[in-house]
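Trainee: So you can see what is in the structure, the chains are spelled out below.
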Amino acid sequence: MRRTRSPARYAAAAALVLLCGAGTARAQDPNDPFATSGVTVTDTTGQAGRRQSNDEVQGRYRKILAAWAGGQTEKAAADLMALETSVVRDSDAGSRKKLLKAEEAVIHEIGGANIETLVPVAMLHHEVYRRYLTMGAKGRSLLLVHSRGMTRDLAILYKQQSGSEGAALVSSRILTSLGGLLQQYAQQLPAAEMFYQALELDPRNSAARIALSIVYEKNSQYQSAVDVLRKVLAADPDHAEAKLRLALNLKRLDKAGEAQKILTELAAARPGDWVTSLAIQELARLYSEKGQAANAQKALEAAIARFPDDARLYVQLAAVLDHKGEMRAAQALMEKVLALPPSPTSTTASSRLLYNTTRQETFEEARHFLDENAHSRLPLLAEALNVPNHAAIAVRVGS
Amino acid sequence: MSGRRVGKGLALALGLWMLGIVGAAGTGVARAAVGVQIETPAEGQPVFGSTEVKVQVGPGEPVTRVEVYVNGKLVGTLTKPPYTLKYEAGDENVQREFKAIAYSAAGQAGVATRVIKPVQIDDVMDLKLQQLFVTVTRGQERALDLEQGDFKIHDNGKVQQMVTFGKGELPLTAVLLIDSSESMQGQRIEEARRGATAFLQGMKPLDEAALVMFSDRLLKVTPFMEDKAALLRAMTQTDAAGGTAVNDFLYMSLKLLEPRLGRRVVILLSDGADVHSVVPMADVLWKTRTGQAMIYWIQLEGGEKHHSFASAWRNAKENDKEYETLQKAVLESGGRIQRIDKASELEGAFRSILQELREQYVLGYYPNDTKKDGRWHDVRVDVQRSGVRVRTRDGYVDF
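Chains D and H are the protein sequences, given in the same order.
Number 295 in our numbering belongs to position 289 of the first sequence; there are no gaps in the numbering.
Number 136 in our numbering belongs to position 125 of the second sequence; there are no gaps in the numbering.
If you are wondering where the hints come from, they were derived from the structure by calculation, not from laboratory data.
Don't take each hint at face value.
Straight-line C-alpha distance at most 25 Å; calculated BS3-like pairs for lysine-lysine [unchecked claim]:
#, chain 1, residue 1, chain 2, residue 2
1, H, K128, H, K97
2, H, K128, D, K261
3, D, K342, H, K231
Bear in mind the structure is a predicted one, so any value in this text is a computation, not a measurement.
Only chain D is shown next, with the shape it has when bound in the complex (with noise of 0.2 Å):
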C-alpha cells in the first residue's frame, strides 16, 4: 500500500493558513467570495435558507468553542452539527471551503494565543465526526470530509507547531482514533492513511500498527501485515493478539511450520479469552489441511473441555470426525450441541467475528490518553477565548 500524501503536507497546507492570517484580515479581502456573499444556511430538510455572513458563523464557531471549553460537551457538539449542517450541503462543493475558512479563522485566532488549545478543539471535531458517521453518510458526504479532514489537520498542525514529544504522542493518538472510526465503518484505505501518519508520529504506537496489519490482511498483502506485525512483537514480544494475526498471515504465506508453533504455543499458554480459542480452531484447522485429523480431533476435544459452550468447536470436531468415517462420534456430538444453553445475544461476540473487524478496544487507551489530554487543555481554551472555564474549574474543586 503507498501512501499517497505526508504529514508533512498536510501541516505544511493548515500552518499556512494558521500563519497567513486568515479570518477578520480575510473578511476585509473584497476579492474573497466568502466575505461578499456569505454563506447560504439551510435547514435540517436540506432547504435552502437564508444567507449567513462569514462573521455571523465565525461567532456561532466561538459560542460553540466556549461552550466546549466549559464543559457543556453535549451542547458543543450538537451545536457545532448544526452549524456545520447549516453550511454545507453535498450539492455544493464550494459550502464546504467556506465553513472551512470561517473556522480555520477562529483557530487561528485561539491557536496564535496558544498551541495547546488546538488539543480541544480536535478532539470536539473528533467527537462530532464520530456522530456524523453514526448517522450515515447519505447527504453528509461533505460534511463527513470535512470533520475528518478538521480532526486530522488540527492533529498535524499541533504536532508541527509544537515540537514536543509530548504533542507527537498526542497527535498520534488523534490519528490512531480517527483510523480506528473509519475502520470500524469499513473504511480501509482512509484508515490505513491515518494509521501511517500516526506512526510517523509516533512508531511505538502498536493500536496503530495492530490496526494497520488488519487493513492489510483485508487487502491480501500478508507479506506487509507479517512485517507490521513482527515490529509490534519486537516490541511487545507478549502481544498476544499480535503473535495470533502473525501466525494466520505466515500460514497465508505457506509458512505453515512457524504458524503451527505459534499457535501451538497460544493454545497452550494463554489463558481462556477469545485468542485462545481462535489459536485452537485454526491450530485443528492447520493439521486438518495437512491431513492430520488425529492431531486436528485432539486439539478440538481439549478445546471444548476448556470452552464447553462454544457450538462452533462441536461443529469443527464432527467434521474432523466425518472425515475420519467416525460418523456416530461426529453424531453424538450434535446431540451435545443440542444440549448447550443458549448463546447471549447481544453481549459475546466469537472469537471468529472479533478477528474480523478491529476491536475498538485496541483504541481505547489512545482515546482515554486524548480525553485526559484535551481535558487538561480547556482552562487554555477558554483562557484564549477569554470566557470562563467550568469544566476546569470543576476538575480542580473534583480534585
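Could you slot chain H onto chain D? The hints should help.
Mentor: Showing chain H alone in chain D's frame:
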C-alpha cells in the same frame, strides 16, 4: 478310528472325520492330535451376547478334559460330554478367536481354533435405499399427474429398478436455518419469523422441524419436534446480532438431519454470504453429496451482490468460490435458490417451498453398482412425457 498323535506323521488313515473338520471349518480350524472340533460358534456366525460354545471330540482314546479359550483367555474347562458351555461375549463388534484343547488320558492333546471376524457393517450399507425427491414442472405449473411408469432412473448411466414410488405424502423433516446476523435486524428478522411461522403452520402430522438461528454464533437450536407452538416460541426469543457463519451452521444442520429417515430438507434463509465460518464450504458440499438432504436457499435482497468482498478470513476470490460452492451444494442436493428482493416476500417464499415439497415425487432404488469407493455417482431421472422439466439431486458419493 483311533486318536492320532501329532508329530508321528499324519497317516492317510487320519480319517474322514478329520478331513471333515478341515472341510467344515476352513482356514479357522487346526488339525488335532486328539480329534477335536468346534461346532459352535459356526464359521461366520455373528458372536454377540450369550454364546454357546460346543466342542466335539473324536472317538477313540478317552478324553479327560476340554479347555476352552477366547482370545487366549481360559473361559471354561469341561470334563465330560457334552462339551458345551455358555460364554458371555458382550456387544463389542471385534474379532474373537475360540480355541478348544482336548487332553487324553495318555497325556496327548488335540487343538481346534475358530476365528470369528467382526461383522462388516458396510455390508448393510450396500443395501442403502437411495431416495430421490423429484420436482416435475410443465411450464410454470408442477406436473402432478405422473405415475411410476413415467419415470426412469439412471445411476452412472445405468437404468435402475425403482422399488418405491410415492407422491407428497411422505413425512417431512426440516431444519429452518435462519440467519439472525446484524444485517437482519428490524423488519427483516420480523418477516423471517413470519415466513418460518407460515412454514411451521403448514406442517402436517408426522412432519417434524428443528429451528436453528445463527449469526457468527449459534443463537438458538431446538431438537426436531412436531410441536409447532414450541418452535414458534423459540423463534420469538432470539434477536438479530453479530456476523454470519453460514458454512458452520449449514454443516451442522445437515449433520442433524443425517440420522433421520425419509424426506429431509434444510431451508436456509440468509441475506449475505459467509464471513466467519471455520468449516469450509467444500466440506458442506461433501456432506451434501454423502447425505440425502435437500437444501433450499432463500436469498434475501440480492445476496449475489454481497459475496464479492474481502475479509480477514478470505479474500474476494476465495469468498466468490465459497459462494459458488454453496450454490453448487444447493443445486446438487435437488433444492433451489429462491432470490427475493424484499423482506415482505419472505412469507410467500417459505410457503412456496413447502408447497413444492408436498408436490414432489419420491422414487426409491437400490443402486446395483455400489463399491463404497468414495466416487461420485451421477443420477438422472427421465420422465417419459413431453414438455416437462425434471429436477432432483445430481448424484451422490458412494460412501
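Trainee: For each hint, tell me whether it holds in the structure or not.
Mentor: We went through each hint and held it up to the structure:
1. K128/H with K97/H: This hinted pair holds, its Cα atoms lying about 19 Å apart.
2. K128/H with K261/D: Since the Cα atoms of K128/H and K261/D sit roughly 46 Å apart, the hinted pair is violated (cutoff 25 Å).
3. K342/D with K231/H: holds (14 Å)
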